[in-house]
Amino acid sequence: MNTPVITALASYVPRTVTVHRDCGIEPTHGAPIRSGWHAWVASWQVDYAPHPTKKAAAIRSAAVNAAADEFRCVPVERDTDLSGLAAKVAQTICAARPANAAPIDIAMFCHSSLNEHVSTTTAGRLRAVIGTPCFPFSVSQQQGASTFTALQLASDLLIAEPEINTILIVAAEKWCAPFSRWTDQGIVQGDAAGAILVERFGPASWGLMVIDARAGRLHQLATPAPLSSQDIRTDWVPALRSTIDAILLRHKLQPNDVGTVVGARIDPQLDEAICRHLSRRVIELPSRYRVHLGAAEPIVQLADVLESHDRPVCERILTWGVGLGGFVGCALFESHGRPLVYLNPP
Amino acid sequence: MSVSIGIVHSAYYLPEPVDDVRGWGRRTKQSAETIKRLEEAGVCSFYDARGQTALSLAANAIKSLIHATQLAPGTVDFLVYVHTLQGSVAPPPLSLPRLLCEHFNFEQAEAFSFAQQHCASSLGALRIIRAIFAARPSVNRALLVGADVMPLASDRSIAGAGLLSDGACAVLVERDASVNRLVSLAFHASGEGSKLQLPLAQVHQVRLPLSQMASYPRSYP
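These protein sequence lines map, in sequence, to chains A and B.
So the first sequence is numbered by my numbering: it starts at 1 and just counts up by one.
So the second sequence is numbered by my numbering: it starts at 1 and just counts up by one.
Bear in mind the hints are in silico, worked out from the structure with no lab data behind them.
Careful, some of the hints might be misleading.
[Unchecked claim] Just so you have them, the derived chain A footprint on chain B, three or more residues with Cβ under 8 angstroms: (1) 16-22; (2) 59-67; (3) 117-124; (4) 163-175.
[Unchecked claim] Facing chain A, a subset of chain B residues (Cβ under 8 angstroms, in silico): (5) Leu-55; (6) Ala-134; (7) Ala-189.
C-beta: ideal position from N, C-alpha, C; glycine also.
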């Protein structure tokens, strides 16, 4: 069979610290890292000025100024860099696999934040962590939607290449200077990592069967945007509804056929709108609103839900997320036993 | 599952001016030995974007491709953006591939970046594009776009063995193409270069019966 099944998940969310909105990013302890990023930030000014990174150092836009809270509690990683976070969750999954398990054929790394040093590649480090030959690459510039694209690509690869059996998807975010945790929309970007082990479904398989996964862009503007448009629009609701509806329709399902919905928890109104659309009660989730874990968010959310209680067999789980740069994503799973879940490995 | 795809057209954009390796060596205070090694490796000049971003370069390459092919924007199903340098992106959380889609009115196109295989990324992306075509019968046309800009003059050197140049390309891939069909791809990634500014993945065998690579920037990383 070509159907992908998620057999293991790992997630890591560091301790939260309080970040003030006037401070784009927390100060680095010790000597500043000579990362080379300042040269790129300067070069971006031509097409993207005024650059968000620069703007972040000052007071945010009106959206942020309207925010009631001066502070936000954000997961901040202090001990390792972006590739270190990715390696941590990948290592957790790899170490728990039996010695005779099928080798990992593909490693996908999802991210939107950039490595501390410009010359490093996290995909290369994942190859080293995995320890056997594989095809490592990154899926990026879709932020919180890139994990859905990775799931879709995993499904494509299992169909296209019969010799592929195991795919590791790793998502991580670690924000560092000169970048800002704050977006112009008043959303704070936290650090985190997540990993999903996807295997080809077989007679002895258990876990979450991936029925479908899709990522899409927000609707096109009526007229082509200027090349340098910085507009990150917030009209996620119609795009999300449309993506969710398309998946349900493709599989001849109704909203009531879905048991559990796992949202992005980025914005209460967005959560409410999607819950209403799927005809279910809005659950108050006061923590971490307007703090987003980027590419790692869907995996962290899904791992939390799976860990909270066992799912009935064949229950369908719908996960949705957003990419702050103008993307949405959605995945539909069916429970066939509980995948291995590792939360906050040491 | 087999699928027949091919590269029906490609275009590139190389920014001016063309700079020579000796002038670069003087400005960045390279040793005579480094310059000699580069020249012996066949490096004599490179393209300097001088302030243009990867977005501008990529847009110019796509414009050139559209001009040559009269490509209808609504027929592009996919845009896969590749780059060698981490900085050849839009400042996060912006998305360079999405900005390209919006600018060129690629209404239907899904868009994401494939990277971290450094110079082999454009070839690695072909594997993913082939899988997309194989698994999704509705996909008929994909655009593979690559761009790189190095704003740090002194960092252009690839360990003295080569020089990073600025440039961009756009490659149109279609289902059931009658020319330049993709026959096979094979890759090997050691991961050993993950902490160095060197190609991560060495392509050991690529069989593309086409002149595709000839249209890439010759000094393209």
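Here's how the hints hold up against the structure:
1. With a threshold of 8 angstroms between beta carbons, the proposed coverage of the segment 16-22 of chain B by chain A is violated, since 0 of its residues qualify and at least three are required.
2. With a threshold of 8 angstroms between beta carbons, the proposed coverage of the segment 59-67 of chain B by chain A is violated, since 1 of its residues qualify and at least three are required.
3. Note: the segment 117-124 of chain B has 4 residues with beta-carbon separation from chain A under 8 angstroms; the three-residue rule is met and the coverage holds.
4. Here the segment 163-175 of chain B counts 0 residues with a CB under 8 angstroms from a CB of chain A, which misses the bar of 3, and the coverage is violated.
5. Because the closest C-beta pair between Leu-55 of chain B and chain A is about 5 angstroms apart, less than 8 angstroms, the hint holds.
6. With its C-beta approaching chain A no nearer than about 4 angstroms, Ala-134 of chain B sits inside the 8 angstroms limit, and its interface hint holds.
7. A hinted interface residue such as Ala-189 of chain B counts as satisfied when its beta carbon comes closer than 8 angstroms to some beta carbon of chain A; here the least separation is about 5 angstroms, so the hint holds.
Checked against the numbered hints given earlier, the structure breaks hints 1, 2, 4 and satisfies all the rest.
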